[in-house]
Structures are given as C-alpha cells and as structure tokens.
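Use the sequences and the hints to build the structure in full.
Chains as they are written, first to last, in my numbering: chain D, 1 to 481; chain X, 482 to 929.
Calculated from the structure, these hints are not laboratory results.
Here a beta-carbon is modelled for each residue, glycine too, at the ideal position from N, C-alpha and C.
Just so you know, not all the hints are guaranteed correct.
Claimed, not checked - Taking lysine to aspartate or glutamate and the DMTMM-like style, the derived pairs with C-alpha atoms no more than 25 Å apart in a straight line are:
no., chain 1, residue 1, chain 2, residue 2
1, X, 565, X, 493
2, X, 540, D, 68
3, D, 425, X, 858
4, X, 540, D, 455
5, D, 352, X, 871
6, X, 860, D, 418
7, D, 177, D, 47
8, D, 367, X, 823
9, D, 78, X, 536
10, X, 534, D, 50
11, X, 614, X, 506
12, X, 811, D, 418
13, D, 321, X, 858
14, X, 843, D, 418
15, X, 535, D, 178
16, D, 352, X, 666
Stated by the list, open to error - Just some of the chain X residues that point at chain D, by a computed CB distance under 7 Å:
no., residue
17, 739
18, 741
19, 743
20, 782
21, 846
22, 854
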Amino acid sequence: MAYTEEELKKELETKEYEYGFYTDIESDTFPVGLNEDIIRAISKRKEEPEWMTEWRLQAFAAWKEMEEPEWANVHYEKPDFQAISYYSAPKKKDKYNSLDEVDPELLETFNKLGISIDEQKKLAGVAVDIVMDSVSVATTFRDTLAEKGIIFCSISEAIKEHPELVRKYIGSVIPPKDNFYAALNSAVFSDGSFCYIPKGVRCPMELSTYFRINQAGTGQFERTLVIADEGSYVSYLEGCTAPSRDENQLHAACVELIALDDAEIKYSTVQNWFPGDKEGKGGVFNFVTKRGICHTNAKISWTQVETGSAVTWKYPSCVLKGDNSIGEFYSIAVTNNFQQADTGTKMVHLGKNTRSTIISKGISAGKSQNSYRGLVQVNPRATNARNFSQCDSLLMGNDCGAHTFPYIEARNNSAQIEHEATTSKIGEDQIFYCNQRGIDTEKAIALIVNGFSKEVLNKLPMEFAVEAQKLLEISLEGSVG
Amino acid sequence: MTGLNKSTHSMELKEKLLSSFMVMEQDVDLAAPVHDLRTESLKTFEQLGFPTKKEEAWKYTSLAKLLKKDYSVFPKKETTLELKDVKKYFLYEIDSYKVVFIDGVYSPFLSDTTHDGIDVCLLSAALDKPKYKAVIDKYFNQVAKKDDSLTALNTSFAREGAYIYIPKSVVAEKPIQIIHFSTGEQGDFMLQPRSLVVAEENAQVQIIERHQSLSAHAVLTNAVTEIFAEQNAIIDYYKIQNDRDDASLVDNTYISQQRDSNVKVHTFSFGGQLTRNNLNFYQEGEHIDSTMKGITIIEDQQHVDHYTLVNHAQPNCESHQDYKGIYAGKAVGVFNGKIYVDQIAQKTNAFQQNNNILLDDKATINTKPQLEIFADDVKCSHGCTIGQLDEDALFYLRSRGIPKKEAKGLLTYAFANNVLESVAIPALKTRINKLIANKLGVDLGHDL
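See the structure below:
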C-alpha cells in the first residue's frame with residue numbers, strides 16, 4: 001500500500017483549504033449593524049428606485065418579527081446580526097470600461113481561483129458574472145449574449161435598466177416573508193446576478209456566476225433571479241469560495257428561478273465555501289433559499305455539489321405549478337471534519353401529470369453530520385403526479401453521522417411515489433480488490449466515491465464535472481474508515 | 482408549552498384530569514413508591530399539556546377535536562357484560578388466558594387468569610402485593626418515556642391493566658388475550674390502561690390485545706404498555722384495532738430488549754376514529770431481533786398514525802419493519818418511522834418498508850421514514866411507495882370474468898397479505914384474514 005492509514009489521516013488534517021487566501025483590496029465596507037438606515041444606505045448606494053427601497057424595508061419589518069429557525073439538524077452558535085457588516089464592495093472609482101482598468105489585485109484573485117475573466121475564456125464558452133463580497137465586479141460576454149436578446153448582468157444593474165422585469169418577478173417565487181433568512185436577504189441583498197432569456201431562445205453558452213467573500217466581518221447576501229421566457233433554455237452555473245478565517249461568516253442567499261411555459265432551466269452549483277479548519281473553527285454559515293417555479297411543460301433541474309461551508313442549510317425546491325412540468329434535483333453533499341449539512345429539496349406538485357426526480361448522495365467523513373431533508377407533496381388537483389426519490393448515504397469512519405428526513409404527503413389517489421434510502425460504508429472487499437490490482441487505497445476510495453456519485457456528476461456541465469470530481473477527492477482525502 | 486393557542490376545551494380536559502388526580506388519591510395507598518411516581522408524572526403532564534400539531538411528532542395528527550369532549554375519567558358504576566354478547570371479540574376458537582376489563586374495571590367473570598407457573602393477572606394487584614415488589618421495582622416505568630406528555634399522563638393515573646410475568650425458561654403454553662371493553666354506561670369516557678409484560682431469560686409468550694367500544698359514546702383511550710424481553714426471550718405481540726367510529730386510541734408501547742431476544746409486534750388497524758400508535762423499541766444487548774409489522778385498512782374519516790422508533794444501541798442487531806396501508810374515502814394515514822443507530826451499534830441491519838395505496842381521491846397519506854445513523858458499518862435501508870393497483874393485473878382478472886369490485890378487492894387483499902405470513906397463531910391469522918376480506922368486500926370462496 002502506498003499509504004498507511006495514519007499517513008493518510010495526517011495528510012488529510014494538514015490539507016489546507018486551497019482557496020483560503022485573502023486579497024488585500026481596498027474595499028468600501030459599511031459599519032456593522034442592521035437597521036433601517038443601513039438598508040436605506042445600501043439602497044441609496046445602489047441607486048435604486050423608490051419601490052425597491054420600500055420592498056427592502058417591508059422585508060426588514062417582517063424579518064424583525066421572525067425567529068431564527070431551529071428545526072434543522074445542525075448545531076451552531078447563532079450569528080449576531082448586529083455584528084455583521086451588510087455591505088462591502090471592492091472600492092472602485094468609476095465603472096470599468098475594459099479589463100485593463102480593473103484592479104490588478106482583483107485580477108490576481110481570479111487567477112488564483114482559476115478563473116480568467118479575459119476573453120480567452122471564450123474557448124471554454126462560459127459567460128461569467130463575478131460577485132466579490134457583495135458586489136458584482138465583472139460580467140463577460142455581454143455583447144455576444146445581447147445579440148440574442150439575452151440579458152445577463154448584475155441584479156443592481158437590472159434594477160436600474162430592466163425595472164419592469166425585476167419588479168414583476170423578484171419575490172414572486174420566494175416571497176420576502178418566506179423564512180428568516182430569505183427575509184434578511186430581501187432586506188439587505190447587495191448584489192447578485194440577473195438573467196433573462198427571451199422567448200424561444202436557446203442560450204448558446206453556459207452562464208456562470210462566481211461568488212467570493214473576501215472581507216472579514218462581512219456577510220454575503222446575494223440574490224439571483226433567472227427568468228426563462230416561453231420555450232427558452234438556459235444552463236446556469238454557480239461557484240463560490242471564501243478566505244480561511246477563524247470566525248464564522250454568514251452567507252444568506254436567495255435564488256429564484258422562473259421557467260415559463262415550455263422553458264427549461266438547468267441550475268448547477270458547486271459550493272466550496274471555507275468549511276472551517278480541522279478543529280471545526282471558522283467556516284461559512286451557508287443559509288440559502290433556492291426555489292424555482294415551473295409553468296406548463298416547463299422543466300427545472302437543480303444539480304448541486306456541496307463540499308464547503310461549516311454549516312449548510314439549503315433546500316433547492318421546485319414548485320410544479322403548470323401541467324406536465326418536471327422538477328429534478330441531483331445532489332452530492334460531502335461533509336468532513338466538523339462540517340454539518342442539512343440539505344435536500346421540496347417538490348410541490350400542483351399541476352396535472354407533473355413529474356419529479358430526486359437523487360441525493362450524502363458522504364460523511366471525520367466528525368461531520370450530513371442530513372437529507374426533503375418534501376414531496378402531491379396536492380389534491382395534481383392528478384397523475386409521479387415522483388421517484390433516492391437518498392444514499394456513505395459513511396467513512398465511526399465519528400460521523402448520516403440522517404434522512406423525507407416527508408411525503410400524498411393527497412391525490414393517482415399519485416405514484418417511490419422513495420428509497422440506503423446507508424452503507426465503503427466495503428473492505430472493494431478496497432482490497434483495488435489494492436491487489438495496484439491501485440492504492442486513496443485512489444481506490446476516490447474511485448469508489450466517484451462511482452457512488454456518478455449519477456449526479458453526470459448531470460453537471462462538462463467544465464464543472466471535472467472540478468467537482470477533484471473537489472470530492474480533495475474533501476475526502478485520507479478519510480479511510 | 483402552556484399554550485395561549487390551546488382551545489379552552491382542551492384546557493378543560495387538562496384541568497379535569499388534574500383535579501381528578503386528587504379524587505384518585507383518596508382511593509390509593511399514598512405511601513407506596515409508585516405514588517411518588519404518579520405525582521411526578523402528573524407534574525410532567527401539567528407542564529407539557531396535550532401535544533399539539535406544532536410539535537414535530539404530531540405534525541400530521543391533531544387531538545384537538547377529541548379533547549373537546551367531556552369525558553368522565555372514572556366509571557360511575559360497575560357494569561357487567563354477558564359473554565354471549567361479546568364473545569365475537571375474543572379469539573374464542575383456541576384456549577387462552579384472558580384478562581378482561583370493562584370500563585377500566587377488571588371483570589373476573591370474563592377473565593381467565595393464572596398464577597400457575599406464570600403470572601397473568603392485574604397490575605393493581607401487582608402494585609399492591611409485596612410478593613411482586615421486586616419485579617415492579619425492577620421494571621415498572623423503566624422503559625416508558627418520562628418526558629412524553631401522554632405517557633406521563635398515563636403513569637400518573639396508572640392503576641389498572643394487565644400484568645404478565647413469565648419466569649426464566651418458561652414457555653406460556655397458550656396465548657394471552659387482553660381486552661378492554663367500554664360500554665357507554667359512563668357516557669363519553671376516557672380510559673388509561675397500563676400494562677406490564679416481563680419475559681425472563683429464555684421465556685416465551687404470545688399476547689393479543691384489543692380495545693373495543695360497545696356503544697356510540699365517545700371513548701378516548703390513552704394506553705401504555707411496557708414490555709421487557711430478557712436474554713433469549715421471545716415475545717409475540719398482536720394488536721387488533723377494529724373499533725367503532727366513535728372510539729379513539731393513543732397506544733404507547735415501549736419495548737426493552739436484552740441480548741439475543743426476539744420481539745415481534747403486529748398491529749392491525751381497521752377501525753376507530755383516530756388511532757395513534759407510538760411503538761418504541763430499545764435494543765440493549767447484542768444479536769437482538771426486532772420486528773414490527775402492520776396492516777392499516779381504513780375509510781371514511783378515519784385516521785391512523787403509526788409512529789415507530791427503533792433505537793439500535795448495541796452492535797450486531799437487526800430490525801425489520803413492514804407497514805402496508807390502504808386508504809379509502811377521506812381517510813388519512815400517517816407513517817413516521819425512525820431508525821436510530823448509535824455510534825457503537827456496528828453491524829446493524831435495519832430495514833424499513835412502507836407501502837401505501839390510496840383508493841379514493843380524498844384519501845391522504847403522509848409518510849416520513851427517517852434514518853439517523855452514527856455508525857459506519859451498517860446496512861440500513863428504507864423504502865416507501867404510494868401508488869395504485871396495477872391496471873394490468875386488474876385487466877387480467879376482469880378479462881377472466883371477475884367483476885371490477887371483486888378484482889380490486891382481491892388485489893388489495895394480496896397487497897396486504899404478506900404481512901400476515903409472520904403471524905404465528907393460526908387461529909388469529911384466519912381471523913385477521915377474514916377481517917381483511919370482510920373489510921375489502923372480498924369473497925374468498927371458501928371459509929378460511
């Protein structure tokens with residue numbers, strides 16, 4: 001064997017979070033605390049119209065009345081919402097006209113992240129919108145997209161330039177009062193991405209947003225709104241990283257997807273926020289609300305690879321409102337060390353002949369806790385609804401936990417619902433088989449984990465699939481049970 | 482939990498119970514240690530109150546409507562029943578021990594108890610007589626959950642129920658039937674039977690339990706049964722729930738198993754207005770086998786909620802769950818199965834299966850199979866389906882001249898049938914078969 005277990009363990013412990021660097025960029029950060037003035041100030045800084053400010057203030061009023069939810073299977077010290085700065089932006093003089101004007105430090109950051117914002121990226125065919133701390137700093141390929149009538153920009157720009165679209169759809173899927181963190185996000189969101197695909201247009205390239213928390217003591221609250229008009233198609237990618245810090249940082253995002261008649265949205269996430277160190281210190285609290293609505297014949301597909309964050313609380317959901325609509329959820333959640341993840345989905349069947357598929361793979365290692373929590377709800381009018389759910393858990397080592405909390409509610413007798421879940425470990429015989437064929441234990445585990453997660457990895461766009469596979473390997477290195 | 486949101490009616494029942502406790506105190510030995518337990522439990526209940534839908538464990542089942550009734554808590558007068566009137570509720574085809582209660586009061590006339598080799602008698606006697614003190618001290622209220630409000634309520638009124646003790650290496654030669662009748666002579670009535678079953682090392686016993694209301698008066702039963710299976714003991718427990726539409730039951734069963742023991746609980750829920758089964762298995766040794774199976778066939782406005790827990794606390798144990806549900810009319814079914822595997826419980830095999838058929842479009846099923854696993858070398862799985870009868874099979878039967886209704890009945894019958902395979906008392910199996918066939922309107926063509 002190339003490694004002994006001890007060596008592997010050691011390597012795992014010393015393995016550092018690759019993206020844990022901090023970029024020294026002069027930034028414009030608001031004082032800590034949250035009150036109406038801060039919200040007005042954010043809104044003013046973004047040069048938002050009056051209705052947007054009002055919308056935020058209403059959300060804030062609702063948030064003040066709400067209590068932080070406690071039902072999730074995670075334990076953490078609640079963030080002090082008055083000790084967070086709600087706005088931090090890389091300082092900029094004016095709008096950039098070309099990339100040459102962008103702060104070289106900033107460019108360096110993106111190089112480290114493996115993202116080149118320059119046009120070379122054309123080869124990869126990905127249009128990127130980058131949100132650093134709370135502000136969108138660069139959007140590529142706008143012209144190419146504009147030719148097709150596709151709008152892809154930061155949400156603050158969209159509020160200014162396409163207020164009719166934003167006003168119509170923002171909060172239509174996730175109402176500002178939906179839950180504690182959605183309300184907070186609605187009140188203080190500082191930026192995020194906006195995307196509109198016109199009728200019948202098939203977006204020619206993958207759209208991508210990259211999120212990064214840079215400043216200390218700030219929270220990131222971005223808001224993403226994707227609207228696919230009738231008969232259109234878009235594939236959207238989202239990635240995220242944060243510097244290694246001892247304190248916990250808060251990330252509370254909202255993602256709203258609207259798939260109008262016959263439209264299809266594919267939303268993929270590779271979440272790699274800083275998970276905390278091996279002692280469980282630091283790391284990002286990731287409290288995210290993601291939801292999509294499907295109109296007639298529409299389809300929304302969520303794919304997520306969750307490897308980061310100290311605490312994750314995330315349930316990308318589909319409201320299958322239109323007849324014949326389809327919801328899909330493919331997820332791999334990996335937890336190691338002291339990470340905790342409570343993630344899953346909600347499939348709400350409202351229309352006739354609606355179908356949903358849930359494939360969830362949980363991998364827990366170290367001292368982590370990994371939970372799947374899902375809801376499949378078939379309402380009385382959703383005749384012939386069909387659901388298939390599969391939740392598999394893989395446990396590595398004896399200090400971690402895997403949990404499943406599936407809720408299934410059927411109120412229509414034509415519903416067909418199947419749910420199955422299994423929990424197991426990597427078999428010694430499987431490892432042995434690989435070993436005797438000259439594959440060392442670590443590679444063998446990577447191989448087996450890959451096989452275990454293949455159903456989900458297959459759903460990722462090419463560029464992401466490679467990255468995700470690597471991430472899985474890194475997150476699990478040395479966790480031989 | 483003392484709630485502003487609670488209706489005044491449920492407050493009234495709570496108040497009534499609290500004051501009834503003082504009435505009961507005039508009647509029992511206040512110096513007995515069990516009375517301290519009662520007082521303590523009453524405090525717990527006073528603090529927690531009745532569970533509401535806000536609690537996760539009661540998300541899909543509401544007691545609110547039931548709690549509005551004005552129940553009497555103690556029987557006003559003694560009632561007797563003629564055997565011929567109630568014979569059909571017994572499994573009379575076979576010889577058995579019987580412990581029968583009428584409105585919560587022991588009926589010596591209908592019962593057939595014993596102290597010959599095994600003890601099949603009354604909990605009230607066991608609580609009072611010094612002869613049973615050792616057993617009561619060792620087992621009574623040891624596995625029942627202390628912080629569950631309804632269990633605590635039962636404990637605070639714990640006086641009567643069955644007491645079954647099977648000594649070491651004894652096999653009870655005939656099954657034991659426990660039957661609770663409510664006559665309606667007391668008006669709307671609340672019953673709180675409390676039973677204790679102990680099977681010592683290598684002992685074996687089969688028990689059949691039934692709650693039966695005989696009138697149109699509302700009955701609310703809050704039962705607690707504690708079952709202890711020592712090393713190698715084998716216990717088979719059958720619950721028949723085929724009550725009238727005005728009777729409701731909250732059944733709390735707690736089972737503690739020692740190494741190599743085998744406990745099976747079968748629950749047949751065919752009737753009642755609201756039935757909630759809290760079935761809890763605690764495995765406290767290695768190589769334990771726990772089985773829980775159930776068939777639920779309900780219609781109209783009936784509501785059945787199975788809430789199961791298997792606590793795998795030791796290595797090398799197994800658990801098997803298989804629940805089938807068939808829901809017609811506006812019936813509501815709930816299944817909440819939780820498998821908990823402790824960190825040291827390596828090599829656990831835990832299986833859970835829940836299949837449901839909704840026959841009518843107003844019927845509802847809520848199911849939540851839940852796994853909480855802290856050990857890595859385990860095999861745990863759960864499966865859950867909601868669906869309809871196979872159209873092809875239905876067509877096949879109809880093409881052979883079987884009318885639609887009967888064809889449906891046959892298929893439904895087949896769907897539920899495999900749960901019956903593990904029923905070890907042939908007479909009971911036949912009886913349940915008939916009940917199911919009757920319920921589904923199937924003529925099996927021959928007398929089972």
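Residue 854 of chain X as an interface hint toward chain D, with CB separation required under 7 Å: Since the shortest Cβ distance to chain D is 5 Å, the answer is holds.
- prompt: residue 425 of chain D and residue 858 of chain X: Cα distance at most 25 Å?
  reply: holds (6 Å)
query: Straight-line Cα separation of residue 321 of chain D and residue 858 of chain X no greater than 25 Å?
result: violated (42 Å)
- request: With a cut-off of 25 Å on the C-alpha distance, tell me whether residue 843 of chain X and residue 418 of chain D pass.
  value: It holds: about 20 Å lies between the C-alpha atoms, which stays within 25 Å.
- request: Sort out whether residue 47 of chain D lies within 25 Å of residue 177 of chain D, counting only the CA atoms.
  value: Between residue 177 of chain D and residue 47 of chain D the Cα gap is close to 24 Å, so the pair holds against 25 Å.
task: Closer than 7 Å between Cβ atoms is the bar; does residue 741 of chain X clear it against chain D? Give me holds or violated.
output: Given a least distance of 24 Å, the restraint on residue 741 of chain X is violated.
query: Holds or violated: residue 782 of chain X as interface residue toward chain D, Cβ cutoff 7 Å?
result: violated (15 Å)
message: residue 860 of chain X and residue 418 of chain D were given as a pair; does the straight-line alpha-carbon distance stay at or below 25 Å?
response: OK: residue 860 of chain X and residue 418 of chain D at ~20 Å, within 25 Å.
Status of the hint placing residue 739 of chain X at chain D (closest C-beta pair under 7 Å): With a minimum Cβ separation of about 24 Å from chain D (threshold 7 Å), the hint on residue 739 of chain X is violated.
task: Given the hint that residue 614 of chain X pairs with residue 506 of chain X, test it: the Cα-Cα distance must not exceed 25 Å.
output: Holds, at roughly 21 Å.
task: Compare the distance between the alpha carbons of residue 534 of chain X and residue 50 of chain D with 25 Å, and conclude whether the hinted pair is satisfied.
output: Violated: residue 534 of chain X and residue 50 of chain D sit about 41 Å apart, past 25 Å.
Hinted pair residue 352 of chain D and residue 666 of chain X, Cα distance within 25 Å: This hinted pair is violated, its Cα atoms lying about 51 Å apart.
The structure is inconsistent with the numbered hints 1, 4, 10, 13, 16, 17, 18, 19 and 20, although it conforms to all the rest.
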